[in-house]
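Undergrad: Given chain A, work out where chain B should sit, using these hints.
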Amino acid sequence: MPVTRTQKEIRQRAPLWLLALLGVNLVLMSVSARDESGHKRLIQVWAQGLVSPVQNLFSGATGTGAGFFQHLGSLNRAATENEELKRRLAATETELREARMARDENERLKGLLELKEQGGYGMVPARVIARDPSEWFDSVIINRGSSSGIERDMPVVTHEGIVGRIIGVSPYTAQVLLITDERSAAGAIVGQLGTSQALGSVRGYGKNGLLDMRYVSGLETVKQNDLVTTTGQDSIYPPGLSVGEVVELKQGSATSPHEIKVKPSARLNSLGEVAILLYHAPPRTPPADAPPNTRKQ
Amino acid sequence: MKLKIAVCVALAVLLQTNLRLVWPPLVFLDLPLVVVTYFALRRDVAQAIFVGFIAGLATDIFSKGLLGANGFSKTLIAYLIAALVTRVMLDNPLARIPVLAGAAAFDAVVIVFLHRLLGQPSLLPFAETAAYKMIATTVAGTFIFYMFDIFFSDRARQRRHFAFRRRAARRSLVRR
Chain A
1 MPVTRTQKEI RQRAPLWLLA LLGVNLVLMS VSARDESGHK RLIQVWAQGL
51 VSPVQNLFSG ATGTGAGFFQ HLGSLNRAAT ENEELKRRLA ATETELREAR
101 MARDENERLK GLLELKEQGG YGMVPARVIA RDPSEWFDSV IINRGSSSGI
151 ERDMPVVTHE GIVGRIIGVS PYTAQVLLIT DERSAAGAIV GQLGTSQALG
201 SVRGYGKNGL LDMRYVSGLE TVKQNDLVTT TGQDSIYPPG LSVGEVVELK
251 QGSATSPHEI KVKPSARLNS LGEVAILLYH APPRTPPADA PPNTRKQ
Chain B
1001 MKLKIAVCVA LAVLLQTNLR LVWPPLVFLD LPLVVVTYFA LRRDVAQAIF
1051 VGFIAGLATD IFSKGLLGAN GFSKTLIAYL IAALVTRVML DNPLARIPVL
1101 AGAAAFDAVV IVFLHRLLGQ PSLLPFAETA AYKMIATTVA GTFIFYMFDI
1151 FFSDRARQRR HFAFRRRAAR RSLVRR
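Chains A and B, in that order, are what the protein sequence lines are. Mapping of the first sequence onto this note's numbering: position 282 corresponds to residue 282, and the numbering continues sequentially without gaps. Mapping of the second sequence onto this note's numbering: position 24 corresponds to residue 1024, and the numbering continues sequentially without gaps.
Just to be clear, a hint being listed does not mean it is correct.
What the hints assert, rightly or not - In silico DSBU-like links for lysine-lysine, alpha-carbon gap of 35 Å or less:
| hint | chain 1 | residue 1 | chain 2 | residue 2 |
| --- | --- | --- | --- | --- |
| 1 | A | LYS110 | A | LYS263 |
| 2 | B | LYS1002 | A | LYS261 |
| 3 | A | LYS8 | B | LYS1004 |
| 4 | A | LYS250 | A | LYS261 |
Don't read these hints as lab results, they were simulated from the structure.
Only chain A is shown next, with the shape it has when bound in the complex (with noise of 0.2 Å):
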C-alpha cells in the first residue's frame, strides 16, 4: 500500500532529500576529479550510448537549422564578395584596357619616331581629338594648329601609312581631310618608285573606306595585295610612304586602265596619334615651253 504524505512532511524531510542529493553529486564529483587519467565514467558512457540515437536526431536536425542560419550567413558573405570581386574585376579590366591602349600607343609613336628618322624632315607629332560629326565628310580634328608650325597641305601620316592632309588651320588646332574622302587625291604607284612603272593617283572611293587607283596603265603587271606608295608627285605628301595595299583588281588592256581598289595602310578609324610631316614639296620649274598664258613665277 503506497503512503501518502503530507506537504509539510514533504518539506520537512525535503533538506534531508536535498543533503542525500547533494552528497550523491559530491561523491560522483569526488571519484571524477580523482580520476586524472581523463577516461569518461561508466555512467557517461552508458548514458551517453543509450541517448545518441536520440541526440543524433537532434544533432541532425539542429545541424539542418544550423547549416540553413549557416548559410544564409555564407549567402550574405557570398553577396558581399560577389559586390567586392565584381568592382576589383571592373577596376583590373580598366586598368588592363588603359594598359593595352597605353601599349598600342607607344607602338604607334614608335613608328612615328621611325618614320621621322627615315624621312629626314620635321614632324609635329599631334591627337585626334575630333571626327566630322557630318556623314558626307571624312575629316578630323587633331590638337596642334598654326601656333605649332602647322600649314595648310601638310600630310598627316602614322607610322603605318598617310592619313590625308591639312585642310584647315586654326592656332591651336587643325582640320585634316582623310585620304578615304571623295576630295581627297594623292600621286602613288604600285610597287616602289624606281622598280615599277605602275603610276596613278589614288582618291577616295566614297564606301567601304576602301581608295579607288586611277591612271594605272592596263600594260603594267599589277596583282592583289600589291603595296601601294606615293610618288611625290602631288606636291603633298613626300615620296615612298605607304599608302596601302591592292585589295580589288580589275584587270585593264592596252587601251583602257586597270581599275584598282586600295585598301589604307593607316587605320583610319582608329586614329589616335598622328604625326604632320612638316614637308614642303620642292617648288616646280615651268616648262620653258610653256603656254602664253601660264603666269610665271
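TA: Chain B in isolation, oriented as in the chain A frame:
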C-alpha cells in the same frame, strides 16, 4: 505531469548539447537551468529537488566537466528557489526575471567554486562567462517561462479541465 516534466528536462538537455551547433554564442544559454528554475517556482520542493538533480546530472553526462557539478549546483538552486517561493510571492513574470538572473549567476559561481575546490582547471574567464550566461539565460528564460505557462500553469490546467467538462456536458445533451 511527471512525464511532461521528464520530456521537458530531456528536451532541454538534448537541445543544450546542440545549441552550439546552431550558433556558438547560444552556449551561454542554460536551458536545463531554466527548466529547473521553472519547476522550482511551482512550490513543490521535492519535485524541484529531483528535477534539479536529474537535469544537472544529465547535463554533466554530456559535459567534459566534473560529473556531479551541475547536479550539485542545480539541486541546490532548485531547493533554494523552492524554499524562497514559499515565503515570497514570485508568480509575477517580472519577479521571475531576477530569480532567473540570480539562478544563472549562482549556478556559475557554484560550478566554478566546485571545480576550484576539487583542483580542476578553470579555462574560461569567470566574470565574462558568468555575465554572458546570466544575460542569455535570463532573456531566453523569460520567454520560455511564458511558453511553459501555456502548458503547466494552474490556469491552463483549469482551462483544460473545464474544456473536458464542457465536452462531457454537450455529449449528455446530445443523448437527451
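Undergrad: Flag every earlier hint the structure violates by its number, smallest first.
TA: Those not satisfied come down to hint 2.
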